[in-house]
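S.K.: Chains as they are written, first to last, in the working numbering: chain W, -8 to 475; chain R, 20 to 538.
The reader is advised that the hints may include incorrect statements.
[Claimed, not checked] Okay, the calculated beta carbon distance ranges per label pair:
| # | chain 1 | residue 1 | chain 2 | residue 2 | range |
| --- | --- | --- | --- | --- | --- |
| 1 | R | D382 | W | F464 | 44 to 54 Å |
| 2 | W | N291 | R | T71 | 57 to 67 Å |
| 3 | R | F23 | W | T441 | 46 to 56 Å |
| 4 | W | P364 | R | T395 | 41 to 51 Å |
| 5 | W | I446 | R | D382 | 12 to 22 Å |
[Claimed, not checked] Below, in silico cross-link-like pairs of lysine-lysine (DSSO-like), each with a Cα-Cα straight-line distance of 27 Å or less:
| # | chain 1 | residue 1 | chain 2 | residue 2 |
| --- | --- | --- | --- | --- |
| 6 | R | K322 | W | K362 |
| 7 | R | K208 | W | K362 |
| 8 | R | K186 | W | K429 |
| 9 | W | K439 | R | K45 |
| 10 | R | K130 | R | K186 |
| 11 | R | K208 | W | K264 |
| 12 | R | K178 | R | K388 |
| 13 | W | K439 | R | K130 |
| 14 | W | K429 | R | K178 |
| 15 | R | K322 | W | K429 |
| 16 | W | K184 | W | K30 |
| 17 | W | K429 | R | K45 |
| 18 | R | K130 | W | K429 |
| 19 | W | K346 | W | K264 |
| 20 | R | K45 | W | K362 |
I should point out that these hints are in silico values taken from the structure, not numbers from a laboratory. All values derive from a computational prediction rather than experimental measurement. Glycine included, each C-beta is placed from N, C-alpha and C at the ideal position.
Now for the letters of each chain:
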Amino acid sequence: METIAIPAINFAPIMPEIILSIFAMVLLLVNVFVPSEHKAYLGYLSLIGIVIAGFTLMGGWGTTLSAFNDSVVQDNFSLFFKGIFLLTAGMTILISDQYFKREECNLGELYPLLLFATVGMMLMASGTDLMTIFLGLEVLSVSLYVLAGLNRANIKSNEAGLKYFLLGAFSTGFLLYGMALTYGATGTTRIAKIAEIAAQNSAVVQNPLFVIGMLLMAVGFSFKIAAAPFHMWTPDVYEGAPTPMTAFMSAGPKAAGFAAFMRVALIAFPALKTDWSDLLWVLAVLTMTVGNLIALNQDNIKRMLAYSSIAHAGYALVGFTAGNPEGTTGILFYMLSYAFMNIGAFAIIILVGKKGEANNNVMDYAGFGTKHPVLALAMAIFLFSLAGMPPTAGFIGKFYLFSGAIKAGYIWLAIIGVLNSAASVYYYLRVLVYMYMKDPVEEFDWMKLTPAVAICIIIAVVGVLLPGVVPAFLLDLAQQATLL
Amino acid sequence: MSQFPLISVMTFLPLLGVVLLFFVPKQSHSAQRGLALLVSLVTFFVSLPLVTGFQSNAEFQYVEKVPWIAAGPFQMNYHVAIDGISIWLVILTTFIMPIAILSTWTAVENKVKEYMICLLLLEVGMLGAFVSLDLFLFYIFWEVMLIPMYFIIGIWGGKNKIYAAVKFFIYTMVGSLLMLVALIVLYFKAGAGDFSVLRFYELALDPATQTWMFLAFALAFAIKVPMFPLHTWLPDAHTEAPTAGSVILAAVLLKMGTYGFVRFAMPLFPDATAQFTPLFAVLSVIGIVYAALVAMVQEDVKKLVAYSSVAHLGYVMLGVFALNQQGLSGGMLQMLNHGVSTGALFLIVGFIYERRHTRLITDFGGLAKQMPVFATIFMIVTLSSIGLPGTNGFVGEFLILLGSYESELRWYAVIGTSGVILAAVYMLWMFQRVMFGELNNPKNQTLPDLNAREVVIMLPLLVLIFVMGVYPTPFIDKMNPSLEKLIVHVKSKQTAKAQIPQIPAPQALPAAVLPVEHK
């Protein structure tokens, strides 16, 4: 006689997701009773949620737990990425309040949405089933569409939200279609199972559905990480979205896209490694070059950083193309460092900016170095890190990415990468030129530096400089977290 | 490792100065200057025991090796030491820094604190690059140097400062990034282990690989030297940089390039060195003659000195690529000489610029009557730059020409000699137009002579000019064993060269170490 065995549900692997979801829902309720000038308390509350979720991450390091019939996993890889997401969300919350107060758009929905987006990213990193990844991606994307258009009074923010929604929905279609085709070819959506079936049965690998499925998924993920030629949405969305959301989008969801993309490519499709390596090679070169070349010509600093973030996705793709432990370590390390330096830079942009998204041009930074030497120094550190100068985390990250490529034999890719890096120096230096070498056109307004923003900047500076000088600890973690 | 970490203390002392400077109030400029000067002087005195305790052999001394990063396949160490090749460059750096700082006493009035911080950070970078034996560490210091120099040119420079600063930065960056790729390739070729250059010396790379890697390294270094035709950033950077920036740029930063060839590019890739010797010799000679000709027609004194730098470094490269005892030691010596005399020249240009706020030769004339002390000092430095016997410039150039004449670069040496004459032409002509003739410009008739501070700045340089000109033996003795080892190393590893006979057969090394020739 058979009994239906009800599997013991192990909630541990999704503990952080659960905590954040609960906090988000509570926040939604509380929000109703908080007057608009006190929305900052919601931010503090969500920070508490993030810290608690962060604690639950720590215990799991080094163990691998699967749950829900193998559709999510808690492994070092997912934990590392979850750490990045929590950090990104936390830093974004720190810089949000001051910005939204200035824009007079004090919406409490911001915080629950950010938490939901974080939950989505976490599911993307820990999903071991195509469907879980898709769910995570949708939770993330829907939250982001709203967040990008959060500044209702600003026409550009509206445009950003709508554009992101349309193009995002379109790209999701690609992704889902790819997943469907892969399911058609293999009969499963479990990532590990796909590889297993492909390994056992060579007919599956030769099945066009399988290859096309992989390609379509690659297109979908490329949209999310803003790889050229699927990057068209990025500049407009990044420019139009409220600045803290731009900071968030450029660091968190990009990392999440990489996490999911890597898990799918490395675990599900090792059989097609040569194919996707070639594909990524092209994507990497295009992404770096397009991002950097167009960034050279930008006056709006948010737009410039948007193109630069495209270029940075390209550098990460260099490590991805290599597909070896060095390259993968490089991606993990780089995504973390990128969160620090980019959110740090956006924090400064928020301080320099004025109401109505004004004062966001590179020229507006003239004289910043004289007026606010400490903040300018912080900005300089972020920019040098973005440019990949030692002794910053940006340099160490690039070093690993490029050495991964070189080890895998992609020397030309590394050369194209470093030349791109050299070109990027020009537009980062341009900000420095205005900050330090030009006199201010008009007097700087006194910028109120709230403790929250100051904390965010300090975290970012430490996060950029410390791993730049003593990177061993983080590199070690990243190395234990590669999927390989 | 139980010994006192002298090199580390020296290298990072200026960083301590930077930290202290942060606490000095913004307004007290003299305290900031004083502190920076004090720190650089202490650094200089700390560096002196390196010389007195230096054993004249080919070994690396004062070695410090501590594991730094061990992650992934990589093992980076904090590995520093000095040998005969680096010791004098280190001393030159610590020696020139107090002079540079003292020279800015009245020239820089705004953002003094930031200026001093930049100068001290620059010193950390330069010292670190000279003492690093771990290639990764070297690369870090090499890049770190760029940032303060960029700010020094860009913030405190002249009219066209931004263009010059950005050009300087990007030129150098392109070169060094390609070197980074080559460096990683080199590491993977060597297999698991650390990034020590000593380990890489032992590799036997096939000539084709060497060619590419040599080119990547050489590009980085040749931009820094700068060799013709990659020199175009230098006149801009020099002209726009404030005096201290020019002095350090000429005296130390350019030596990074030549040092890089001697320490890294040549011993790491011996076959490629042999293969490219003709090319680099040609470029050196073109640099010597071309830069001299261009210097001749300059209207701006500083630009003239900048081009003379290019010519001088052409000599250094010629000597280095001669790859024999005389050539190399001449090249190394000329690096020091150039540091001293061109540094001094930039200081002199700074003195008159501070007085007149112009550097055009036509704005001057007859200054000798008005400023006799200045005239004397200027004359001595000019003669040293030309290479008059009895001054330091002569010894270096003589050795270089001797060495390259005795090597396969004989005919290049012959052409290079013409540069000595050209140097005399442009330097003396400039000197004549500035210092002699009618003192007819009313603005020049009231110029004060050098003050005590300025004389104090120049004095150590003048002493060195004569000491190194009359008795260079102690300098050469300390570097010779290391250079000899280097030559033996490179020549013994030149496999390709053994197969392809060279047209003028390389001459046997003279057994005797360098005759004293300055009679």
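S.K.: Which numbered hints turn out to be false for this structure?
M.R.: When the structure is compared with the hints, numbers 1, 5, 6, 7, 12, 16, 19 turn out to be violated.
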